[in-house]
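Engineer: One-letter residues, chain by chain:
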Amino acid sequence: MNAIEMKNLTKIYIKKRLLKNKKFLAVDNLSFNVAEGEIFGFLGPNGSGKTTTIKTLLGLLYPSAGECFIFGEKVPSLASLSKIGYLPEIPYLYKYLTAKEILSLYGSVSGVPETVLVKRINEVLETVKLKTEKDTRLGEFSKGMLQRVGVAQAIIHQPQLLILDEPFTGLDPIGLKDMRDVILKLKAEGKTVFFSSHIISEAEKICSRVAIIHKGKLLRIVEITRIKPGSLENIFIDEINKAEN
Amino acid sequence: MKNIFQIMRYTVKENIRHKIFYVLILFAFAIIGADILFGVLAGDEQVRLLLDMGMVAIEIFGLLVAIFVSVSLVLEEIESKTIYLLLSRPIKRTEYILGRYFGMILTVGIGLLIMVVVHLGFLLAIGWKSELAYFYSIFGILLKIILISTVALFFSLFSTSSVASIVFTIFFWILGYLGTEIKFLSSKMVNIFLKAVIKFFFYIIPNFQYLNFRDRYENIDYLMLVPITYTLVYSIVCLILCSILFSKKEF
Numbered sequence: 002m003n004a005i006e007m008k009n010l011t012k013i014y015i016k017k018r019l020l021k022n023k024k025f026l027a028v029d030n031l032s033f034n035v036a037e038g039e040i041f042g043f044l045g046p047n048g049s050g051k052t053t054t055i056k057t058l059l060g061l062l063y064p065s066a067g068e069c070f071i072f073g074e075k076v077p078s079l080a081s082l083s084k085i086g087y088l089p090e091i092p093y094l095y096k097y098l099t100a101k102e103i104l105s106l107y108g109s110v111s112g113v114p115e116t117v118l119v120k121r122i123n124e125v126l127e128t129v130k131l132k133t134e135k136d137t138r139l140g141e142f143s144k145g146m147l148q149r150v151g152v153a154q155a156i157i158h159q160p161q162l163l164i165l166d167e168p169f170t171g172l173d174p175i176g177l178k179d180m181r182d183v184i185l186k187l188k189a190e191g192k193t194v195f196f197s198s199h200i201i202s203e204a205e206k207i208c209s210r211v212a213i214i215h216k217g218k219l220l221r222i223v224e225i226t227r228i229k230p231g232s233l234e235n236i237f238i239d240e241i242n243k244a245e246n
Numbered sequence: 010m011k012n013i014f015q016i017m018r019y020t021v022k023e024n025i026r027h028k029i030f031y032v033l034i035l036f037a038f039a040i041i042g043a044d045i046l047f048g049v050l051a052g053d054e055q056v057r058l059l060l061d062m063g064m065v066a067i068e069i070f071g072l073l074v075a076i077f078v079s080v081s082l083v084l085e086e087i088e089s090k091t092i093y094l095l096l097s098r099p100i101k102r103t104e105y106i107l108g109r110y111f112g113m114i115l116t117v118g119i120g121l122l123i124m125v126v127v128h129l130g131f132l133l134a135i136g137w138k139s140e141l142a143y144f145y146s147i148f149g150i151l152l153k154i155i156l157i158s159t160v161a162l163f164f165s166l167f168s169t170s171s172v173a174s175i176v177f178t179i180f181f182w183i184l185g186y187l188g189t190e191i192k193f194l195s196s197k198m199v200n201i202f203l204k205a206v207i208k209f210f211f212y213i214i215p216n217f218q219y220l221n222f223r224d225r226y227e228n229i230d231y232l233m234l235v236p237i238t239y240t241l242v243y244s245i246v247c248l249i250l251c252s253i254l255f256s257k258k259e260f
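Note that the protein sequences, when read in sequence, are chains A and B. Just so we're on the same page, the numbering used here is the position in the first sequence counted from 1, plus 1. Just so we're on the same page, the numbering used here is the position in the second sequence counted from 1, plus 9.
Hints listed in this document are in silico derivations from the structure and should not be mistaken for laboratory results. A portion of the hints provided could be inaccurate.
To be verified - Under the rule of at most 27 Å between Cα atoms (straight-line distance), these lysine-lysine pairs were calculated in the DSS-like manner:
#1 A:Lys-8 with A:Lys-243
#2 B:Lys-11 with A:Lys-16
#3 A:Lys-243 with A:Lys-206
#4 A:Lys-96 with A:Lys-144
#5 B:Lys-11 with A:Lys-101
#6 A:Lys-24 with B:Lys-90
#7 B:Lys-208 with A:Lys-135
#8 B:Lys-258 with A:Lys-132
#9 A:Lys-101 with A:Lys-8
#10 A:Lys-186 with A:Lys-218
#11 A:Lys-84 with B:Lys-257
#12 A:Lys-23 with B:Lys-258
#13 A:Lys-96 with A:Lys-75
#14 B:Lys-257 with A:Lys-17
#15 B:Lys-22 with A:Lys-135
#16 B:Lys-90 with B:Lys-101
#17 A:Lys-84 with B:Lys-11
#18 A:Lys-216 with A:Lys-206
#19 A:Lys-218 with A:Lys-135
#20 A:Lys-21 with B:Lys-257
#21 B:Lys-22 with A:Lys-23
#22 A:Lys-8 with B:Lys-101
#23 A:Lys-130 with B:Lys-257
#24 B:Lys-197 with A:Lys-96
#25 B:Lys-258 with A:Lys-135
#26 A:Lys-216 with B:Lys-22
#27 A:Lys-16 with B:Lys-22
#28 A:Lys-23 with B:Lys-257
#29 A:Lys-75 with B:Lys-22
#30 A:Lys-229 with A:Lys-24
#31 A:Lys-75 with A:Lys-101
#32 A:Lys-120 with B:Lys-138
#33 A:Lys-120 with A:Lys-188
#34 B:Lys-22 with B:Lys-192
#35 B:Lys-257 with A:Lys-101
#36 A:Lys-229 with A:Lys-84
#37 A:Lys-144 with A:Lys-75
To be verified - Looking from chain A toward chain B, a few residues come up when the C-beta cut is under 8 Å (computed):
#38 Leu-79
#39 Val-113
#40 Val-119
Just so you know, even glycine gets a beta-carbon here, dropped at the ideal spot from N, CA and C.
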């Protein structure tokens with residue numbers, strides 16, 4: 002079964018004006034599938050429609066046309082959301098809660114039974130190396146620590162599919178390696194990882210396939226095993242240049 | 010139900026750790042200031058003045074806190090984008106709205122309780138003898154807070170600006186005290202269109218006359234069926250509208 006199935010997904014933003022509404026085509030007839038258990042990179046320059054696509058998968062935006070499915074469940078639905086763990090580009094977390102409290106909130110609303118919640122919180126805090134800071138309010142955390150809490154909240158309910166929006170942006174070399182290790186560990190556990198990025202080198206290191214999009218349109222799907230190592234960046238630039246011309 | 014409770018719990022934590030207690034400290038100072046001032050100026054009427062002024066202060070502070078907290082309840086979460094991580098979980102949008110709303114009511118209720126305790130402390134210290142009418146008046150204030158909070162929440166979902174939402178809510182708050190006058194005005198109108206507009210306003214604004222026990226302190230009707238039913242029905246209708254608006258929102 003496919004983890005993600007996208008059929009002709011289109012999203013048009015409508016800016017309401019007094020005389021005439023302004024329309025902007027953010028995602029244009031996007032169709033592709035992500036297989037269960039793979040790491041799939043969603044690559045494109047800034048403003049190419051990556052975050053819009055992700056928000057549509059999460060039910061934060063409604064498609065203007067087309068449809069998406071998560072493990073066969075139509076989006077948006079509670080059934081599809083229960084299978085997803087989401088990490089936004091910037092971890093938008095409540096600064097007045099402690100790491101433990103925020104994981105308790107997200108774990109609880111994601112359906113983790115109360116009987117195992119405390120154990121599960123300790124496990125994920127161990128995974129992201131924040132066990133000693135569990136009672137510290139997030140307002141006192143550094144950027145890197147917040148990113149790790151972001152990862153912890155995404156995996157607290159052991160979702161089958163991880164959707165990560167620009168997970169490598171703004172990380173230092175150690176942070177990059179940690180993030181790569183977390184993603185590879187999730188794959189080893191049988192999870193599907195779908196992430197957006199414009200950092201091509203990282204995508205090439207860990208993905209089995211990547212999709213290149215530009216101005217909301219799918220340009221190409223690349224299988225990493227079928228290309229020369231280190232050549233993804235050139236393929237990406239070529240595709241974008243071709244689309245521009 | 011579990012989701013509503015969880016969202017309610019973090020809403021209470023958010024409000025208590027951030028905003029409401031600064032206002033309460035301000036209130037405590039206002040009461041102390043009033044007590045000292047009226048002690049000097051009022052002579053024999055000190056108890057009466059502190060009783061009336063205290064209840065007015067409790068009502069104004071309570072309603073202002075309720076309006077500001079309700080308006081920022083969802084708007085602030087949208088602006089800070091913290092809403093993304095909650096709505097990308099398997100929770101219904103109605104559960105989110107109800108959790109936030111009940112959390113806010115609970116916080117404002119706790120604040121109201123603290124203010125009442127401070128007020129009662131001063132009243133008892135200057136020799137006031139406890140009266141049932143006082144507690145009914147405070148209950149009336151709580152009902153008003155519940156009503157105005159739902160109105161504020163509705164406006165915050167309807168418009169995207171918190172300033173506009175606060176202005177609209179305060180406009181409704183003021184009109185809420187003028188129910189009888191609006192009804193009288195509509196009965197005097199000759200123009201059918203204007204009559205209909207004013208009548209429409211009369212029905213949609215929260216009618217605080219039903220809950221204004223404070224103004225009828227000496228003559229309170231202790232049967233609370235009408236005020237409670239009115240508050241419940243008005244709030245439920247408002248919350249249904251809030252849910253409909255919120256379910257269509259994109260982030």
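Engineer: Tell me if the straight-line CA distance from Lys-8 of chain A to Lys-243 of chain A falls inside 27 Å.
Structural biologist: holds, 24 Å
Engineer: Can you confirm whether the C-alpha distance between Lys-84 of chain A and Lys-257 of chain B stays at or below 27 Å?
Structural biologist: Holds, because 23 Å separates the two Cα atoms, which is no more than 27 Å.
Engineer: Decide if the proposed pair is consistent with the structure: Lys-22 of chain B and Lys-23 of chain A, CA atoms, cutoff 27 Å inclusive.
Structural biologist: It is violated: about 41 Å lies between the C-alpha atoms, which goes past 27 Å.
Engineer: Holds or violated: Lys-23 of chain A and Lys-258 of chain B, Cα atoms, limit 27 Å.
Structural biologist: Roughly 18 Å separates the two Cα atoms, so the pair holds.
Engineer: When you check the alpha-carbon spacing of Lys-16 of chain A and Lys-22 of chain B, does it fall within 27 Å?
Structural biologist: violated, 36 Å
Engineer: Does the alpha-carbon distance linking Lys-216 of chain A and Lys-22 of chain B stay inside the 27 Å limit?
Structural biologist: It is violated: about 42 Å lies between the C-alpha atoms, which goes past 27 Å.
Engineer: Can you confirm whether the C-alpha distance between Lys-24 of chain A and Lys-90 of chain B stays at or below 27 Å?
Structural biologist: Answer holds: Lys-24 of chain A to Lys-90 of chain B is near 23 Å, not above 27 Å.
Engineer: Mind checking the alpha carbons of Lys-258 of chain B and Lys-132 of chain A for me, to see if they're no more than 27 Å apart?
Structural biologist: violated, 37 Å
Engineer: Hey, Lys-90 of chain B versus Lys-101 of chain B, does the alpha-carbon distance stay inside 27 Å?
Structural biologist: holds, 18 Å
Engineer: Mind checking the alpha carbons of Lys-96 of chain A and Lys-144 of chain A for me, to see if they're no more than 27 Å apart?
Structural biologist: Satisfied, since the Cα-Cα distance of roughly 12 Å is no more than 27 Å.
Engineer: Hey, Lys-11 of chain B versus Lys-16 of chain A, does the alpha-carbon distance stay inside 27 Å?
Structural biologist: Not satisfied, since the Cα-Cα distance of roughly 37 Å exceeds 27 Å.
Engineer: With a cut-off of 27 Å on the C-alpha distance, tell me whether Lys-229 of chain A and Lys-84 of chain A pass.
Structural biologist: violated, 34 Å
Checked against the numbered hints given earlier, this structure breaks hints 2, 7, 8, 9, 10, 13, 19, 21, 23, 24, 25, 26, 27, 29, 30, 31, 32, 34, 35, 36, 37, 39 and 40; the rest are met.
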